[in-house]
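Residues per chain are reported as follows:
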Amino acid sequence: MDRPIRVLVGKPGLDGHDRGAKVIARALRDAGMEVIYTGLRQTPEQIVEAAIQEDVDCIAMSILSGAHNHLFPRVMELLKEEKIDDILVIGGGVVPDDDIQPLKDAGIAEIFTPGTPTTTFINYIKENIIR
Amino acid sequence: MDLAKKLLKGDKRTLARLITLIENDDPHAIEVLKAIYNHTGKAHVIGITGPPGAGKSTLTDKLAKELNKRGKKIAIIAVDPTSPFTGGAILGDRVRMADLTNNPDVFIRSMGSRGTLGGLAKNTLGVIKAFDAYGMDYIFVETVGVGQSEVDIVKAVDTTILVMVPGLGDDIQAIKAGIMEIGDIFVVNKADLEGAHRTMMELETMLDFRQDEGWKPPVLEAIGRDNIGIGQICDNIEKHMDFLVKSDKLGYARRENVKKEIIEIAKGSMEVHIFNNNNKDNQLEILAERVANKEQDPYTASDEILKSFINRGIKND
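Chains P and R, in that order, give the protein sequences. What the first sequence shows, in my numbering, is residues 10 to 140, in sequence order. What the second sequence shows, in my numbering, is residues 6 to 322, in sequence order.
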């Protein structure tokens with residue numbers, strides 16, 4: 010592929026910890042991707058609309074507050090309402106093991122938990138984007 | 006020509022996808038741009054430029070909100086730098102514009118500069134056309150944070166707003182050539198900081214010497230964060246367009262810009278025709294070898310390349 014992969018990195022919900030999201034944004038930048046960083050306290054509606062306007066290949070969300078079981082599936086619902094099926098959606102943060110399968114069932118492609126090496130999700134994105 | 010039709014009907018996702026094609030030099034994009042060209046020219050294109058951290062994104066956010074309140078549809082092209090090493094970029098201007106995201110009359114697109122050094126992104130002009138044909142009333146182009154000489158923005162817009170902040174230098178900085186010459190409207194942002202008054206005075210003095218026919222650029226105070234001074238800037242944006250129309254300068258300026266654009270496009274495609282075709286028969290490599298061995302000089306070698314291009318003509322395969 011001769012075009013840069015575009016990834017939206019955003020934090021849905023109310024927790025204010027964006028160090029991790031910024032580290033991920035930086036790692037994706039260094040991997041040659043264009044990272045649209047939307048910042049803290051985004052609603053699922055804002056994330057999906059920004060993803061449409063920016064025509065991204067991937068949405069990468071980070072949540073540390075524990076609200077992932079509500080917010081991640083809500084993003085998938087909104088994408089479905091917009092009939093969008095060509096954006097890879099991944100999540101990261103403090104997500105208990107038991108929650109991971111239900112999130113995948115809701116359509117989140119993969120969940121990355123603390124300690125994941127940056128190369129893991131970089132390669133995952135490169136290998137799994139849909140367009 | 007499905008994309009062009011859908012765009013003209015106002016399909017948002019077509020617009021988003023078309024911008025991607027334009028950014029990536031996709032040949033389909035050129036076909037669509039040809040088809041929609043007749044529908045462009047209605048929007049007022051505004052450049053926002055200034056040093057990094059001057060508050061360009063915050064101001065753009067506030068200006069878009071104010072103009073939207075006045076009933077207008079607004080596009081924002083927000084450019085951030087692309088890494089010269091990896092091709093990656095952090096496009097972070099949306100952080101300051103979060104609550105515009107779900108406004109149906111506003112469309113924000115972040116672009117990486119992708120190797121362009123003049124403050125714009127590569128193919129910005131194409132993206133402006135897409136927004137224009139889509140039916141936007143105002144198109145803001147926010148440059149990367151600029152230093153002293155990145156003035157490409159004037160080739161793309163009708164009105165240039167130069168955003169300054171207090172404390173960046175003395176009055177010698179204000180009279181230097183380069184970006185200080187391109188503002189149609191000057192804004193001293195963060196005007197609550199110390200030295201704001203002095204910066205205003207220096208800009209005013211600098212502008213007293215400027216030979217402008219009919220338009221003296223206003224110097225306006227603003228505090229973007231607190232939404233102070235925004236109405237005034239919007240009034241002056243409208244005033245500047247009125248002036249351009251009434252003085253007949255709009256047509257002239259746009260014609261001059263189009264001239265530059267044609268030259269740029271021609272240069273770009275000549276480069277492709279000359280060198281891509283050359284690679285096939287290895288002429289460049291052979292000439293380089295000769296020039297390196299001092300058997301030939303580079304000037305004659307380049308003449309040879311041009312001659313074989315002229316003999317070959319333009320072939321679109």
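Read the hints as simulated data drawn from the structure, not as lab findings. You may find that some hints are simply not true.
Mimicking DSS-like on lysine-lysine, the simulated pairs with C-alpha atoms at most 25 Å apart in a straight line are [claimed, not checked]:
| # | chain 1 | residue 1 | chain 2 | residue 2 |
| --- | --- | --- | --- | --- |
| 1 | P | Lys89 | R | Lys47 |
| 2 | R | Lys299 | R | Lys264 |
| 3 | P | Lys92 | R | Lys11 |
| 4 | R | Lys14 | P | Lys89 |
Each hint tested on the structure:
Distance check on the hinted pair: P/Lys89 and R/Lys47 sit about 35 Å apart at the alpha-carbon level, beyond 25 Å; violated. Taking the CA atoms of R/Lys299 and R/Lys264, the gap is near 40 Å; set against the 25 Å cutoff, the hint is violated. Distance restraint check for P/Lys92 and R/Lys11: the Cα-Cα separation of roughly 17 Å lies within the 25 Å cut-off, and the hinted pair is therefore satisfied. For a cut-off of 25 Å, the pair hint linking R/Lys14 to P/Lys89 stands: about 23 Å separates their Cα positions.
Taken one by one, the earlier hints fail for this structure at numbers 1, 2, listed in ascending order.
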